[in-house]
Amino acid sequence: MSRVEKFKKKSLFKYIFKAAKENNNESKEEALPSEEKLNYRYSIIKAAPLTTPLDAPEPSGHAEIVNVFTDITKLVLYDRTTAEEAAASFRTKASEILARSSQ
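Numbering (the numbering used here), first residue to last: 23 to 125.
By construction, these hints were calculated from the structure, which means they are not laboratory data. Be aware that a few hints might be false.
Unchecked claim - What follows is a list of derived Cβ distance ranges for each label pair:
1) Leu60 x Ser111: 56 to 64 Å
2) Glu58 x Ser82: 48 to 56 Å
3) Ala121 x Leu99: 26 to 34 Å
4) Ala85 x Asn61: 34 to 42 Å
5) Lys96 x Arg63: 24 to 32 Å
6) Asp77 x Ala109: 25 to 33 Å
7) Glu58 x Gln125: 44 to 52 Å
8) Thr103 x Glu80: 20 to 28 Å
9) Asp101 x Ala69: 46 to 54 Å
Backbone N, C-alpha and C fix where the C-beta goes; we use that ideal spot for every residue, glycine too.
Can you build the whole structure from these sequences, using the hints too?
See the structure below:
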């Protein structure tokens, strides 16, 4: 563990201990957080700068549209249809799926 990490951990323990001491409703033993709680809080503080917000969920019907796209792509790759016909077919099928999903 580097000096910086030790300092951060030590500072975190001091902060949590001070906050626990200020709570007058609990006895000193009850006020002190367990080592597991301290480790959890430390990991949250350490990981927070490294995280990003979650992506929005996929719209309903997304999986079905991906399947249609895959099927139509295979038709083009095996010369069963032209790219223009495939695009028109995909647009029609995707519109139907989205209309069904939004109801």
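Of the numbered hints stated previously, which ones are contradicted by the structure, given in increasing order?
-> 2 and 5
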